[in-house]
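*Asks:* Using the sequences plus the hints, can you model the full thing?
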Amino acid sequence: MGITKRFKSYFLRGLAVLLPTLLTIWILVWGYGIIKDNVSIHINRGLVWLILQFQGEHGLTREDLTRIFVDGMAGSAVGFIIALLVVFVVGALLASVVGRALWRLVEVFIMNTPVLRRVYPYVKQVTDFVLTQEEKQKMFSRVVAVEYPRKGLWSIGFVTGSGLARITQSVQKEFLTVLVPNSPTPVTGYVIVVPKEQTIALDMTIEEAFRFCISAGVIAPDRQEAVALPRAYTERPQEP
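Here the working numbering is used: position 216 in the sequence shown is 224, and no number is missing along the way.
The reader is advised that the hints may include incorrect statements.
[As the list claims (entries may be wrong)] Once the Cα atoms are required to be at most 25 Å apart in a straight line, the calculated BS3-like pairs of lysine-lysine come out as: (1) LYS159 to LYS204; (2) LYS204 to LYS181; (3) LYS159 to LYS181; (4) LYS132 to LYS44.
[To be verified] Using C-beta positions, here's what the derived DEER-type ranges look like: (5) TYR40 to SER170: 41 to 49 Å; (6) SER170 to ILE42: 35 to 43 Å; (7) VAL25 to GLN133: 34 to 42 Å; (8) THR74 to PHE117: 30 to 38 Å.
If you are wondering where the hints come from, they were derived from the structure by calculation, not from laboratory data. C-beta: ideal position from N, C-alpha, C; glycine also.
*Replies:* Written out as structure tokens, the structure is:
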């Protein structure tokens, strides 16, 4: 192996090992920056106001408190931690019957607000889809392959239902409602109603199918690796 090929091989191998870690760190830093700049900074300003209200005459000035809690790295982390605790407390509260009842009242108020009711349902669907594992399991029962968008081309799809009653009664067949996701953004896609007999059940979990779509087919379960067909099946017949 030449020096150039060896360098390329080692470089790609190192990149494959380091890139997931670097991307994970980048996402965490990016998320921290978003929360810090849009949430925790306001919490810290609220802390400054509270301290000014309750401290004695010989306490720190507003400028000193702002420099510590708003501009300083260590102080700004306080607001970030409080934001995380608030999210945790809200999640714990919603796990109870009382919390869910209170949140339903909040949603009723939102749905009766002219502007918010146009946006909130769609935002809620997206966040539930991305963040809530139980919702994904509820929406998608299994993974199948369907001939889509034309015969001879196979796409991965998520079964979301048993079709529409009118179609089933008219055609007298068992149907499935399938979401064919886009790649690499499987949160969007196309909903099709296809005869069950024209689908192939795949031995893949919902998470494995998501990884397959997001990676554009690169990351597939080992058990789904295609086995090479005999040469007789792959050769085209000779034209007369």
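*Asks:* Work down the list of hints and note, for each, if the structure agrees.
*Replies:* To see whether the hints hold, each was checked on the structure:
Taking the CA atoms of LYS159 and LYS204, the gap is near 15 Å; set against the 25 Å cutoff, the hint holds. With a CA separation close to 8 Å, the supplied pair LYS204 and LYS181 stays within the 25 Å bound. The suggested pairing of LYS159 with LYS181 holds, with an alpha-carbon distance near 19 Å, which does not exceed 25 Å. The hinted pair formed by LYS132 and LYS44 meets the criterion: a straight-line CA distance of about 23 Å does not exceed 25 Å.
A beta carbon spacing of about 44 Å between TYR40 and SER170 agrees with the range 41 to 49 Å that was offered as a hint. SER170 and ILE42 have their C-beta atoms about 40 Å apart, which keeps the hinted 35 to 43 Å range intact. Look at VAL25 against GLN133: about 37 Å separates their beta carbons, and that is inside 34 to 42 Å. Taking 30 to 38 Å as the suggested C-beta distance range, the pair THR74 and PHE117 conforms, at roughly 35 Å.
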